[in-house]
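Protein chains in written order, with the numbering used here: chain A, 36 to 246; chain B, 17 to 535.
Worth flagging that the hints you see were computed from the coordinates, not collected in a lab.
Be careful, since some hints might not be right.
Claimed, not checked - Derived list of chain B stretches under chain A, where covered just means 3 residues or more per stretch with a C-beta under 8 Å from a C-beta of chain A:
#: 1; stretch: 187–196
#: 2; stretch: 228–237
#: 3; stretch: 383–391
Stated by the list, open to error - Computed list of lysine to aspartate or glutamate pairs in EDC-like fashion (alpha-carbon distance at most 20 Å, straight line):
#: 4; chain 1: B; residue 1: LYS64; chain 2: A; residue 2: GLU227
#: 5; chain 1: B; residue 1: LYS72; chain 2: A; residue 2: GLU145
#: 6; chain 1: B; residue 1: LYS72; chain 2: A; residue 2: ASP87
#: 7; chain 1: B; residue 1: LYS184; chain 2: A; residue 2: GLU225
#: 8; chain 1: B; residue 1: LYS184; chain 2: B; residue 2: GLU202
#: 9; chain 1: B; residue 1: LYS64; chain 2: A; residue 2: GLU225
#: 10; chain 1: B; residue 1: LYS72; chain 2: A; residue 2: ASP83
#: 11; chain 1: B; residue 1: LYS64; chain 2: B; residue 2: GLU362
#: 12; chain 1: B; residue 1: LYS233; chain 2: A; residue 2: GLU145
Owing to the predicted nature of the structure, the values given are computational and were not obtained by experimental measurement.
Note that CB positions come from ideal geometry on N, CA and C, so glycine has one too.
Chain by chain, the residues run as shown.
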Amino acid sequence: MTVTARETILARIRDAQALAPASAVDIPRDYRTGRTLPDADRLALLTDRLVDYKAEVHTCTADRTPEVIADVLRERAVCHLGIPPGLDRTWLSAYEGEVHVDSADTPVPELDALDGVLTSSAVTCAETGTIFLDASPDQGRRALTLVPDLHVCVVDLSTVTPGVPEAVTRLTPTHPTTLISGPSATSDIELERLEGVHGPRTLAVVIRTDM
Amino acid sequence: MSTPTYLGMPALPPRSPYGTGNLRGDRTFPRAAHDELRNGQLRRNLGKATHTIRAKRLAVTGELPDWEALRDAGSAIKTDTMNRLPELLEQLEAKVTEAGGTVHWARDGAEANDIVTRLVQQTGSDEVIKVKSMATQEIGLNEHLADQGIKAHETDLAELIVQLADDKPSHILVPAIHRNRDEIREIFRAGIPGVDPELDSVPAHLAAAARAYLREKFLTTPVAVSGANFGIAETGTLSVVESEGNGRMCLTLPDTLITVMGIEKVLPRYADLEVFLQLLPRSSTGERMNPYTSLWTGVTPGDGPQNFHLVLLDNGRTAALADRIGRQALNCIRCSACLNVCPVYERAGGHAYGSTYPGPIGAVVTPQLAGMDVSADDPNSSLPYASTLCGACYDACPVKIDIPSLLVELRHQHTEATGRTAEKLAMKAAAAVMGRPGVYRAAQKAAGLGRVVAGRDGKISHLPPPFNGWSDSRDTPAPPKRSFRAWLASAEGASALRAAAEEGARTRTEADGPDEEEQ
Chain A
36 MTVTARETIL ARIRDAQALA PASAVDIPRD YRTGRTLPDA DRLALLTDRL
86 VDYKAEVHTC TADRTPEVIA DVLRERAVCH LGIPPGLDRT WLSAYEGEVH
136 VDSADTPVPE LDALDGVLTS SAVTCAETGT IFLDASPDQG RRALTLVPDL
186 HVCVVDLSTV TPGVPEAVTR LTPTHPTTLI SGPSATSDIE LERLEGVHGP
236 RTLAVVIRTD M
Chain B
17 MSTPTYLGMP ALPPRSPYGT GNLRGDRTFP RAAHDELRNG QLRRNLGKAT
67 HTIRAKRLAV TGELPDWEAL RDAGSAIKTD TMNRLPELLE QLEAKVTEAG
117 GTVHWARDGA EANDIVTRLV QQTGSDEVIK VKSMATQEIG LNEHLADQGI
167 KAHETDLAEL IVQLADDKPS HILVPAIHRN RDEIREIFRA GIPGVDPELD
217 SVPAHLAAAA RAYLREKFLT TPVAVSGANF GIAETGTLSV VESEGNGRMC
267 LTLPDTLITV MGIEKVLPRY ADLEVFLQLL PRSSTGERMN PYTSLWTGVT
317 PGDGPQNFHL VLLDNGRTAA LADRIGRQAL NCIRCSACLN VCPVYERAGG
367 HAYGSTYPGP IGAVVTPQLA GMDVSADDPN SSLPYASTLC GACYDACPVK
417 IDIPSLLVEL RHQHTEATGR TAEKLAMKAA AAVMGRPGVY RAAQKAAGLG
467 RVVAGRDGKI SHLPPPFNGW SDSRDTPAPP KRSFRAWLAS AEGASALRAA
517 AEEGARTRTE ADGPDEEEQ
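Input sequences plus hints: build the corresponding full structure.
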């Protein structure tokens, strides 16, 4: 009977642990968890962090969502907008361009022809300015928010957590999850920071303060 | 699950096989550094890069009042992981399989290369797109694929520059930091098919040229190969942390994704991400969070690759685990903070280490994965000495790896392993001489002869073999005319001693007065 690589490696680890026995370790979790912050503070912190990472920030109440979105899209001359299948269509009531509803069957090169994409979001961490997308129907598959050059993302203030631990506990591990902190960037050429290499070069965030 | 049966004593696990992969340079660190130090551009660029990132790191780690608590937690989680490695790997395997992925195990780099090659061949593709990955660089995957007629396209901007120039990375995080913009323009003009011949050297234009070239690859290549920053045992979730979006492209667009992960990258719980997603970006690029992080669990219908393979790589990691002190190095999360604070790395650069893993962490990881006394004058045996032991790396490490102690331990192991070296003989001779006063006196007299070989400045700069290893990198002061013992025994010594004793007695009387001695 041949010994598999799996058996060999597991046996090697057990040998290693026999040769250098481990000492038990308690994991100290004294870092900050379960933090809360008032709405105004979370909004201010998140806005600061998003702007610092060169994202565009728009703040509004829920009733103004369609106008604000239409303004952002008009300013960027978006004529072909991609949306995930579960997006709230009332958000688009003031937008005049063409809407392409994405599905798993849409070939990826067609996404490359879109001017931009509009989605919702799952959770957002204020302290790091990080938006978490979890591929729910209002956020769509991962390719949708990756291939087009503009991503307009709606964030409801009630989904904004102060820190990273509070955001991680809200995630569903089985969902494919993407963390976005500002637009794509590189510092590979002489350490000069450039926005936009492969992902969307513009990230516009619409924060709804009463949702 | 059956319990493994031991037939006798536990065996020392093997290192990465000699002569494979990229874990050994072709010359020792001092020789390589000697040449690298002459490269003014490398030193300037590295100096700028390391200082800039260092300042950013200090600023963003200083923002968190619980930074030290996060380091303590990160360190303990990794130690706990190493203690429970077999069960965690089995759990990871079960969860990935449950979620529609396939798990492969590779004893060494060659086996991992064969597995990846076979998986690529099964797709019928002769091209793959790649996310920057240290594990695949360690095992020389690109070279192996090329031998098998498969072209691997690096998609990280810096890795693309390095690959097009047929060069090697000089920094974990910014691999092309040794190149300036004009060189990059020339590399792109020569290496990117159909690139605008008028391409200038403005960084934004260079990045745009790479974007256009790679976009076509992303949209058409059916297979991607990645590494992994973390693999969560509890859920089977894999993670890649990046900046440019090339990682998201590779992890999302192809039909088949093959991820090569070192076995030490496993983490017990999904919630542990709350620690490492804070430690890694702040330590690495000095950002509060890197632009993009992808988390995926097996296969998701209608979203991303429908074939997912995870290759778990040993390649010497179990050998490191068998070392009571050295195993700490497996806790590394590849942030590169230790490189940026190291005075030796800052000057010598990454190439001098000869391994995929440079800098302080490389100097402890490389010898443990690949061995350091495998051949005569093994270049890896010079790595534990590529340090001043200043300790800056330990202070910077987000998981608190005690790199200086590891370096000292490896030096000890090297000395033990190399047998009858000149240094060892000299130490033995010194022990014998110092144990016998008569012989010691005679030896001191003989040492006075050393003045003959000293220069006018009273320094000995060149010693004959076997002591040239010492004098190559330092000057030795010539022995004095007369030893201390000889001076003390002379009339001059005796009178100086008497005078000092009288002086001492006088001072004591003045200071203490006629007080009683304290009881």
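Structure-based check of all given hints:
{"no.": "1", "hint": "187–196", "result": "holds (count 5)"}
{"no.": "2", "hint": "228–237", "result": "holds (count 4)"}
{"no.": "3", "hint": "383–391", "result": "violated (count 0)"}
{"no.": "4", "hint": "LYS64/B with GLU227/A", "result": "holds, 11 Å"}
{"no.": "5", "hint": "LYS72/B with GLU145/A", "result": "violated, 39 Å"}
{"no.": "6", "hint": "LYS72/B with ASP87/A", "result": "holds, 14 Å"}
{"no.": "7", "hint": "LYS184/B with GLU225/A", "result": "holds, 17 Å"}
{"no.": "8", "hint": "LYS184/B with GLU202/B", "result": "holds, 17 Å"}
{"no.": "9", "hint": "LYS64/B with GLU225/A", "result": "holds, 9 Å"}
{"no.": "10", "hint": "LYS72/B with ASP83/A", "result": "holds, 17 Å"}
{"no.": "11", "hint": "LYS64/B with GLU362/B", "result": "holds, 9 Å"}
{"no.": "12", "hint": "LYS233/B with GLU145/A", "result": "holds, 15 Å"}
The structure shown violates the earlier hints numbered 3 and 5.
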